[in-house]
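Novice: Read off the chains here:
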Amino acid sequence: MSSSSLKKQENKEVTPGDILAIIEEYDAGEGTYVDLENGVVRAAVAGIVYYDDKAKIVYVKPKKDPLVPRAGSSVIGVVTQVKHDVVILDLVGEVDLHPVPRFKGEFSGRFSGAINVANIADEYVKDIFDYYKLGDIVLARVLNNSNPYHLTTVPPQYGVIYATCSKCGGLLHPINNRSMKCTRCGRIEKRKVSALASSKILSIKIKKGLVVSLS
Amino acid sequence: MGKQPGVKLIREDGLRHDGRKPDEMRPIKMDVGVLNNSDGSALVEFGRTRVVAAVYGPKEPIQRFVLLPDRAVLRVRYHMAPFSTTDRKSPAPSRREVELSKVIREALESIVLTEKFPRTSIDIFIEVLQADGGTRTAAITAASLALADAGIPMKALVGGVAVGKVEGILVLDVDELEDGNGEADMPVAAAPDIGEITLFQLNGVLSREELEQALEMALKGIEKIVELEKDALKRKYERIEVE
Ligand SMILES: [Zn+2]
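Respectively, the protein sequence lines represent chains R and U. Count the first sequence with numbering that gives the first Met the number 0 and you get residues 0 to 214, in order. Count the second sequence with numbering that gives the first Met the number 0 and you get residues 0 to 242, in order.
Keep in mind that the hints were calculated from the coordinates and are not lab data. Do not rely on the hints blindly, as some may be mistaken.
Stated by the list, open to error - The calculated DSSO-like cross-link candidates involving lysine-lysine, where the alpha carbons are at most 30 Å apart (straight line), are:
| id | chain 1 | residue 1 | chain 2 | residue 2 |
| --- | --- | --- | --- | --- |
| 1 | U | K101 | R | K63 |
| 2 | R | K60 | U | K154 |
| 3 | R | K125 | R | K166 |
| 4 | U | K7 | R | K60 |
| 5 | U | K154 | R | K63 |
| 6 | R | K11 | U | K88 |
| 7 | R | K11 | U | K235 |
| 8 | R | K53 | U | K154 |
| 9 | U | K28 | R | K11 |
| 10 | U | K233 | R | K63 |
| 11 | U | K20 | R | K63 |
| 12 | R | K82 | R | K125 |
| 13 | R | K60 | U | K235 |
| 14 | U | K101 | R | K55 |
| 15 | U | K223 | R | K11 |
| 16 | R | K11 | U | K7 |
| 17 | U | K235 | R | K103 |
| 18 | U | K115 | R | K63 |
| 19 | U | K233 | R | K55 |
| 20 | R | K55 | R | K125 |
| 21 | U | K20 | U | K7 |
| 22 | R | K63 | U | K235 |
| 23 | U | K28 | R | K60 |
| 24 | R | K53 | U | K115 |
| 25 | R | K166 | R | K189 |
| 26 | R | K11 | U | K115 |
| 27 | R | K60 | U | K20 |
| 28 | R | K180 | R | K103 |
| 29 | R | K132 | R | K189 |
| 30 | U | K223 | R | K63 |
| 31 | U | K115 | R | K103 |
| 32 | R | K60 | U | K233 |
| 33 | R | K53 | U | K223 |
| 34 | R | K132 | R | K180 |
| 35 | R | K11 | U | K101 |
| 36 | R | K55 | U | K154 |
| 37 | R | K103 | U | K219 |
| 38 | R | K103 | U | K233 |
Computed from a predicted model, the values in this text were never measured in an experiment.
Please model the complete structure; the sequences and the hints are all you need to start from.
Specialist: Right under this line is the structure:
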């Protein structure tokens, strides 16, 4: 591979294996990898190539990016189990909280996450069932980078965003950060309520039969 | 292997039973994103051989013991649809299917950048809809395309094709008749961009010279196949842009 034969083609469609740059000229960014043997940076995914000439980084913006939970990301999960010291969730997808809450997308597969009793709220949790119940839809933050995922709901924006009345099945409406009221029978239930639970902006549609509308 | 009496595989004019030149592949068709319910998918046809591949993941598998701490696990299921052959096969996985699933996985494992997704699995389901020879190499081609369609990072695209020897002549992209009556069959898969051969098998006997010539034929064919893969992926971008 001689460097003179390599023509930089900005905004070009590339597929895995395509040569994007020689390693002396650009570092390998997202969607690329270093092929040391040939001294080049190649595309790892199908997408559009971009060259950051200031930072000397080449990267490929993928047409499809498999989404998996990552440390620091905000995720939506459904409570599948409540034990005395831990809450287990099926993680559905990721949410961008800034600048405004927005559903980023579904995860590429099924992942489970756990909220340890110490990571539920900013207070001593005497009875975990006063915070979460089976079937609640929860906004949480991921603490680690690989499976099994640990989650926290301590900061105020995290907690239940959607729940139904355990008596009549009606929709629960948030009253404050610790309680929700049934819109049908008026029953009041305890939860760790997300500050975003009443957000009109966050409207989420999730396939596999799960549809959440937070308006 | 071994010729049935009365089967003529090379005609008087030197062409093959279906009119192809020895180094000519069958008409190849490829399409990506053919299934809605998977993360990536592709349909690949070599003549009458028709294979579909679907990719799911990266995901958390039901059985956690299959996980690896530093990379994703690739899982492949190669399956022949009961209606894919003339004699209707049992829908239960045969020994051949289990073996081929392993062969296909090994042909893809070295090119997928599995370290990007530790402790997950990437599942590839391959369904042979119609079998007329070269199903394993068509399966590898389809799986490579489906992985790229799913956005799974990989070193390069992989393509596959088989070279056979019939009536003393080396022929590219063998069909069922040639495979069943030929003297040798050599499936090859490779990633031409990075010069890596990921599958190399030989059933039957070839001389050293024939082997070298056959490999050259296969790699030339694979170069063309991978070009078609790139075209198929780019065609899909255009569709996305229009939407
Ligand atoms: Zn109620």
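Novice: Below or equal to 30 Å on CA atoms is what counts here, so check R/K55 against R/K125.
Specialist: Violated - the C-alpha atoms of R/K125 and R/K55 are around 54 Å apart, more than 30 Å.
Novice: Check whether the Cα positions of U/K233 and R/K55 lie no farther apart than 30 Å.
Specialist: holds (26 Å)
Novice: Verify the proposed pairing of R/K166 with R/K189, using a straight-line Cα cut of 30 Å.
Specialist: holds (13 Å)
Novice: Within 30 Å, alpha carbon to alpha carbon, are U/K101 and R/K63?
Specialist: holds (27 Å)
Novice: Would you check the hint for R/K53 and U/K154, treating anything up to 30 Å between C-alpha atoms as holding?
Specialist: Between R/K53 and U/K154 the Cα gap is close to 26 Å, so the pair holds against 30 Å.
Novice: Starting from R/K82, check that the Cα of R/K125 is at most 30 Å away, please.
Specialist: holds (13 Å)
Novice: Straight-line Cα separation of U/K28 and R/K60 no greater than 30 Å?
Specialist: It holds: about 27 Å lies between the C-alpha atoms, which stays within 30 Å.
Novice: Is the straight-line distance between the alpha-carbon of U/K115 and that of R/K63 30 Å or less?
Specialist: Holds, at about 15 Å.
Novice: Hinted pair, alpha-carbon criterion (30 Å max): U/K101, R/K55. Please report holds or violated.
Specialist: Roughly 41 Å separates the two Cα atoms, so the pair is violated.
Novice: Are R/K53 and U/K223 close enough, with their CA atoms no more than 30 Å apart?
Specialist: violated (37 Å)
Novice: Is R/K103 close enough to U/K233, meaning Cα to Cα at most 30 Å?
Specialist: Holds, at about 24 Å.
Novice: With the threshold set at 30 Å, check whether the alpha-carbon distance from R/K132 to R/K189 stays at or below it.
Specialist: holds (9 Å)
Of the numbered hints stated above, those contradicted by the structure are hints 4, 6, 11, 14, 16, 20, 27, 33, 35, 37, listed in ascending order.
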